[in-house]
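K.L.:
Heads up: the sequence lines are chains A and V, in that order.
The working numbering puts the first sequence at residues 241 to 762.
The working numbering puts the second sequence at residues 47 to 340.
Read the hints as simulated data drawn from the structure, not as lab findings.
You may find that some hints are simply not true.
[To be verified] Computed footprint of chain A on chain V; a stretch qualifies when at least three of its residues, placed anywhere within it, have a C-beta under 8 Å from a C-beta of chain A:
| id | region |
| --- | --- |
| 1 | 87-100 |
| 2 | 170-178 |
| 3 | 207-214 |
| 4 | 239-247 |
| 5 | 250-260 |
| 6 | 306-314 |
Here a beta-carbon is modelled for each residue, glycine too, at the ideal position from N, C-alpha and C.
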Amino acid sequence: MDSGRFFERGGPMIRYSDLEYLKLSKGKRFGYKIASFFASIPTALKNGLLAIWRFLGTVFRGIGSEIKDLVNTFKEGDLPTRVSYLVMGFGNLCRGQILRGLLFLLFEAVFILYMVTAGGYWLGMLPSLGLQGPTKELDPILDVFVTTYHDNSFKILLYGVLTIFFIIAFIYTWRLNIRQNKLAMQILKSGKKLKSGKDDLRSLVDDQFHKTLLALPLTGIIIFTVLPIVFMILVAFTNYDGTHDGFNNNLFTWVGWQNFNTMLSWQGSGGQSYAATFGEILSWTLIWAFFATFTNYFLGMMVAMLINKRGIRLKKLWRTILVVTIAIPQFISLLYVSKMFAKNGILNGFLLSMGWIQQALPFWEDPTWARITVIVINIWIGIPYLMLITTGILMNIPADLYESSRIDGANAWQQYTKITLPYMLFVTGPYLLTSFTSNMNNFNVIYLLTGGAPTNPAASSAAGTVGYTDLLITWLFKITMGAESQYYLASVVGILVFIVVAVISLVVYGAMPSIKNEEDFQ
Amino acid sequence: MSESKTAASSLKRHMGIQASRRIGNTAAYIVLVLISVIWLIPFVCILLQSFRVESTWQVGYVIPQQWGLDNYRNLMNTDFPKWYLNTLIMALVTAVLQTIIVLCMSYTLSRFRFKGRKFLMRFMLILGMFPGMLTMIILYRVLKDLGMTQANAVPGLILVYIASSGMGYYVSKGFFDTIPKSLDEAARIDGATRFQILKKIILPLSKPIVIYTVLTAFMGPWGDYVFARYVSFGTSAGMNVAVGMYNWLNKDQISSYYTMFCAGGVLVAIPVTALFLWLQKYYVEGVTGGAVKG
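With the sequences and hints as input, model every part of the structure.
P.N.:
Here it is as structure tokens:
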């Protein structure tokens, strides 16, 4: 790893040159590295914010030049081009590009039809999320209460967002239609021929092949990920929950930043506030992610090195034994292991019968025991996987490095700290980051092992039942599955999880010694 | 004389190195055997307890006093066969469709340089930072309107599994990146279309990554708990094995279902493990390749 990279960043701390750095003692070097990491955080954050600012600048400049281009095209355009501003595809049809023209025209017709029949209603209702909730009236003949349903806040929000997506798509297509007119005029002026419908179809499997390939995956992502995420972000600004489900009970409506205020204020009404609960769970989530990532990483590497060791036979057998455990679905192994560690489980039974302990060990009952146990069991889950990953990389380290260091008299530990570890950290840096963030959201291990238990009574009063081993993600799950189903709260927690993950990724990525250019691999 | 002395000492030193290596290796073997035992013990316990007849509840010992197939027989009287079938169907369909989607995505991002490519990749990276579970709240209600929840959870879940699978393109993109681009260029010069290049050049070279993708996609539905729990929502007929069997270990059910859980676990583990061991080589290749490329 090139520690010299640290010195290039400016900051308030003293910077050493490479030579000065090498003269430092071990302890000082370590301290210096830690200090430079923290010193680089503000820079990394600043760079991130600057990138966002620059991005916004590009967007606005882009919009400006688009508008200019639109005006110019209209001024210089012939009649078909000008009509195309109103009737999409008119220019294409006039110039003989029947296929394109019809597609444009069809899209416009569908859009207008949709906006008139449905889109207008959804869009109009979006600011209020529905005016009339369900009403109950006494039916005089049958003598029962009959519920009449009116507006549906859920659908209004969903279709409202969908309509906005559709409008954006329409604007993009409309712009495309104008640009095509401009291009067609230029091509005709230079005396070349325009592409025919047959050419267009052929290009879909040739130079436009990427559009064909991406169509299906991107549609899926937009409908099943982007749309729901936009929806859920908006839910954070409403009072959508079990009692305001938007249809059967009461409508829900916009509440502004109220949920965030509730979440972030330190004054709770009775018991612990949300902010304190959130802080407690967040700190455990970070501790867990740290230990889960690094225990697995180092122990997995050690197991891989042990198997790789010269003179060890049956390498394939040892590896296969570990790899088999990846194959068995986690819910079986985790649920079973969780029962093994229970008060009356096999482990306690074994220890008691051997007379090593007098009482069952409180693996899941005591907060500290429970937290340590989940980390230990996670090692059991993670090592096989890490063993696989590191085996491949370890084999890539040039063998002559080890040989020449042995000639120079290095022992095994020195070889490990000076050759193996730096190489591994350099290569697996990005992997460590993603593994840290995915451990923060490691639902399966926690939920299947403990379900969050043991209960934390102080934290629970504010937001459902919260346990000492609950991560943010399992807490979120409990919020949505609970009797009250506080979706708005889940949504706020989700947004906060996103912010935490994004900030960590941004800072670590910025401070990492090697941010690899993907083209390097090709 | 002095010569023989040095020879003797060098021999001694040599012996010393050998001895220390032997000690080191013995220690390594001991550790490896220990590791193997620790890693396999839970599975051996599951297997043994699935044959236990004398009690269905957790007991402090592992080896059954009475052996029998009662637990497996009892499984057939529960909803377990239904869950098993549900999961198997989901796993098979997901394996095919998800592979197609992932390969389309990763091949495109690896091979084509088009406008918005970098933006797309960054966008998907950011999307991945949102807890995916949140989207289930809305997807559940949408799927419910479409009639694809509870008893009909299988098509709904398949849709959920495959729809966003394009975001998991990293490993296979890393693989495609390693296929030299000069192959494509040579074929382009010979007049092949992009589609022909994919069909005739890239796909024949991509057997390892196709198998890796199929394998991981097949294993997904067997282990999924969250999405399956949301979509089946308390209806036994629509559950997968994970959700169904999770309930068996509830406080009030565990006393009568514990050994059945073990038996069910064995039945679930057998096909997945067998397939995995058979295709292990490709899995290892995918994992090692993918992680380095990040």
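K.L.:
If a hint holds in the structure, say so; if it does not, say that too.
P.N.:
Outcome of the hint check:
{"no.": "1", "hint": "87-100", "verdict": "holds (count 4)"}
{"no.": "2", "hint": "170-178", "verdict": "holds (count 7)"}
{"no.": "3", "hint": "207-214", "verdict": "holds (count 6)"}
{"no.": "4", "hint": "239-247", "verdict": "holds (count 4)"}
{"no.": "5", "hint": "250-260", "verdict": "violated (count 0)"}
{"no.": "6", "hint": "306-314", "verdict": "holds (count 4)"}
Going down the numbered hints, you'll see the structure goes against just number 5.
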